[in-house]
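Asker: Just so you know, the protein sequences line up as chains Z, L and P, in that order. Reminder that position 116 of the first sequence reads as 116 in the numbering used here, one-by-one numbering, no gaps. So the mapping is simple: the numbering used here equals the position in the second sequence, first residue as 1, plus 132. So the mapping is simple: the numbering used here equals the position in the third sequence, first residue as 1, plus 382.
Quick caveat, the hints were computed from the structure, so don't treat them as lab data. By construction, the Cβ of each residue, glycine as well, lies at the ideal position given by its N, Cα and C atoms. Heads up, some of the hints might be wrong.
Stated by the list, open to error - Quick partial rundown of chain Z residues pointing at chain P, CB under 7 Å, derived from the structure:
1) SER15
2) ASP19
3) ASP22
4) THR88
As the list claims (entries may be wrong) - In the DSBU-like style, the derived pairs of lysine-lysine whose C-alpha atoms are separated by at most 30 Å in a straight line are:
5) LYS223(L) with LYS495(P)
6) LYS223(L) with LYS200(L)
7) LYS349(L) with LYS322(L)
8) LYS495(P) with LYS322(L)
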Amino acid sequence: MRIPILRLGNILLTSLPPDITDEHAERLQSDILERLDQTAVVGVILDITALDVVDSYMARILAETAQMTRLMGSEVVITGMNPLVAVTLIEMGRELTGVTTALTLEQGVASLKHQIAARDGDPPEDPVDECG
Amino acid sequence: MGSPSETDHLHMVAFLDRLTLGLQHAAAPVIEDAAFAGLRGFMAEIAGARARDGFYPSATAAFVMSFKTAFIPILSAEYSGSPERCQSEIKTLGDIVDQLAFLTFDAYATAREQVITRQNQAMLVLSTPTLRIWNQVVMMPLVGIIDTRRAQDIMEQLLMAISRDEAKVAILDVTAVPIIDTRVALHLTKVVAAARLLGAEVIVTGFSPEAAQTLVKLDIDLSRIRTRGTLRAGLAEALRFLGLRVGAIT
Amino acid sequence: MSAGDDRRDVVAIEASEDIIRARRSGRDIARSLDFSLADQTRLATAISEIARNALHYGGGGRCEILGHRAGVQREITIIISDAGPGIPDVAQAMIPGFSTGHSLGMGIPGARKLMDRLDIESRVGRTMVVMTMVRRFTT
């Protein structure tokens, strides 16, 4: 099974299936990087709505993917984290530092556009507080 | 304790009925015997009801032990001709009452624990309400002492509210929290970090002058937490964060 | 209080799918004992952490899940064991940030924070992690 990576304009979008195995997660990581190399996208959205468990291993995969993507010149937003998964990660002492998150896909896309615009020096399309 | 009430009287009659039934059918005079099942169930029920009604455990124990004082003169009169028989009968019945007293105490403790757990749960729900006060803004006013158990609950409730209302800002008002020390501050930083994982910002409002002094003197780094003095200022900050503004109608 | 209220399941940990199977079983048993969704998530995550250690370090093992109900108290015990080389320094493995080269070392302190109790017994050829979560409920 290969997890599909969709392209939406200049953004790559992928949704992690529930109960994703370690092997599939690692394969997804390389697939995303490969797609970044082939296409001229500027942002990646990793949607984790379906995950009801994120342990330190999966947290590491997510944080690593974000770092690697950034090294390749794109921005990453993780969307749809289950609130109880967030509680559990914080209680374990895992913060996903350096990763941008958004609650919904819509907010994720907006956040990504804003980040890219801020990075490239263009004024953002929507006036949002600079802390956003 | 005064004279027995009507309920006590009914209880005593019911108790004696079940005790007699048990003694007639039991293979051995031990409370675990199946013949005493009715008696055990009845006593557990009474002890539970008394616990819920706020009786002291000593009052319930006294109720059980009073049978001992009651049957000794009766048995003595019955077996006046045979002191050995009298002794052994007193011992048998006495043992049963003692065992019953233990059983009653356990039942009492279990019932009390249920009462306490239920009250705790009710208080937890009461103490952490979340309100949607604007589009994408939720608020949680905190009242009272925050211990680890409650901090956990606050985090869960607030994150569920952020998720449910698709909030981008959460206001945590601590005006009515009497003690804000290192532990509470640590809990607050965790709540802020957890909310960020959902893509939401937390604004903490209402730190008292004492809390501000304590936190700075204890050298706690709250630079990552957005704070505002009052709930009003916090709401204004939340709206500004969302690119909104409240103005006069002209 | 009767034995009928007890639940038990054993999952062999031989591949990464088994980690998922073990944590799902843990969640099911926690749900059947009325543990909150948050506690179900904590428990499933802790199982995931330790079962993965058993797979990656211990070369596979087994995960036993026991649910027990007694009066107002509900208790879940997880026993995860493997026949691997063992954890050389158990005390150190409990410390957050300790790593054995990979960040898999994160697993133990993380799981410990999510559970009420976590104990490790380890020697060459036999490692056992026992975790418990206890809650009180009104009936």
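Asker: A separate judgement is required for each hint: does it hold in the structure or not?
Answerer: Against the structure, the hints:
no.	hint	in the structure
1	SER15	18 Å, violated
2	ASP19	5 Å, holds
3	ASP22	4 Å, holds
4	THR88	5 Å, holds
5	LYS223(L) with LYS495(P)	53 Å, violated
6	LYS223(L) with LYS200(L)	10 Å, holds
7	LYS349(L) with LYS322(L)	20 Å, holds
8	LYS495(P) with LYS322(L)	14 Å, holds
The structure fails to meet hints 1 and 5 from the earlier list, while all remaining hints are met.
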